[in-house]
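Trainee: Here are the chains, one letter per residue:
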Amino acid sequence: QKEVEQNSGPLSVPEGAIASLNCTYSDRGSQSFFWYRQYSGKSPELIMFIYSNGDKEDGRFTAQLNKASQYVSLLIRDSQPSDSATYLCAVYTGFQKLVFGTGTRLLVSP
Amino acid sequence: GAGVSQSPSNKVTEKGKDVELRCDPISGHTALYWYRQRLGQGLEFLIYFQGNSAPDKSGLPSDRFSAERTGESVSTLTIQRTQQEDSAVYLCASSLSANYGYTFGSGTRLTVV
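Chains A and B supply the protein sequences, listed in that same order. Each residue of the first sequence is one higher than the one before, counting from 1 in the numbering used here. Each residue of the second sequence is one higher than the one before, counting from 111 in the numbering used here.
Calculated from the structure, these hints are not laboratory results. There could be a bad hint or two in this list.
[As the list claims (entries may be wrong)] Have a look at the derived ranges for each label pair, beta carbon to beta carbon:
#, chain 1, residue 1, chain 2, residue 2, range
1, A, E15, B, T123, 38 to 44 Å
2, A, D55, B, S207, 21 to 27 Å
3, A, E5, B, G113, 14 to 20 Å
[As the list claims (entries may be wrong)] Using 30 Å as the maximum straight-line C-alpha spacing, the simulated DSSO-like pairs for lysine-lysine come out as follows:
#, chain 1, residue 1, chain 2, residue 2
4, A, K42, B, K127
5, B, K167, A, K42
6, B, K121, A, K67
For glycine and all other residues, C-beta sits at the position ideal for the given N, C-alpha and C.
Between the sequences and the hints, there should be enough to build the whole structure, so can you do that?
Mentor: Written out as structure tokens, the structure reads:
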């Protein structure tokens with residue numbers, strides 16, 4: 001079974017710190033990787049995607065992919081209380097469907 | 111349209127009644143997905159459409175659930191004889207190709223009383 005694993009949290013960080021969210025996946029054939037942010041009571045919003053090994057930066061967000069170790073991470077620099085949300089990792093393994101993790105809840109305290 | 115549109119945004123229904131949930135995907139997106147999210151839980155895949163056909167219905171939880179898509183656009187998810195355990199947010203997403211990720215609609219919150 002193709003799985004995507006995330007720690008459910010909550011991950012608590014103080015305002016201004018770096019939040020590090022991690023995700024592992026089981027299918028070595030996975031092709032593309034996504035991070036969605038979901039605020040309480042809202043729908044998931046795509047914030048980052050990464051296809052190649054290494055780092056991809058977009059503003060305060062950095063996605064990191066290591067295919068050999070089968071993990072993908074999301075770093076949020078200078079965390080703000082408005083970053084408090086659940087972050088869903090999703091992986092495309094083929095068959096035209098993403099496999100989602102259950103999400104990590106992030107709490108950023110002022 | 112500019113985004114994925116779902117209606118109604120909220121639906122309260124009595125146990126045993128049928129409900130229809132509607133999704134209008136982003137124009138040109140050939141792939142359309144339905145997910146269910148119970149309170150505090152992860153996303154539960156229900157069904158995937160490519161064009162008007164549904165190659166993957168593996169997530170439909172029972173024969174009370176059905177979905178169709180017409181004109182490679184609007185999709186309707188129908189739940190017959192609703193039960194209290196059907197209470198959840200039903201999310202629709204669309205995509206040009208899953209390899210590029212999905213765009214989600216704002217969801218329909220279904221409450222069965």
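Trainee: Any of the earlier hints contradicted here, and which numbers?
Mentor: 3 and 6
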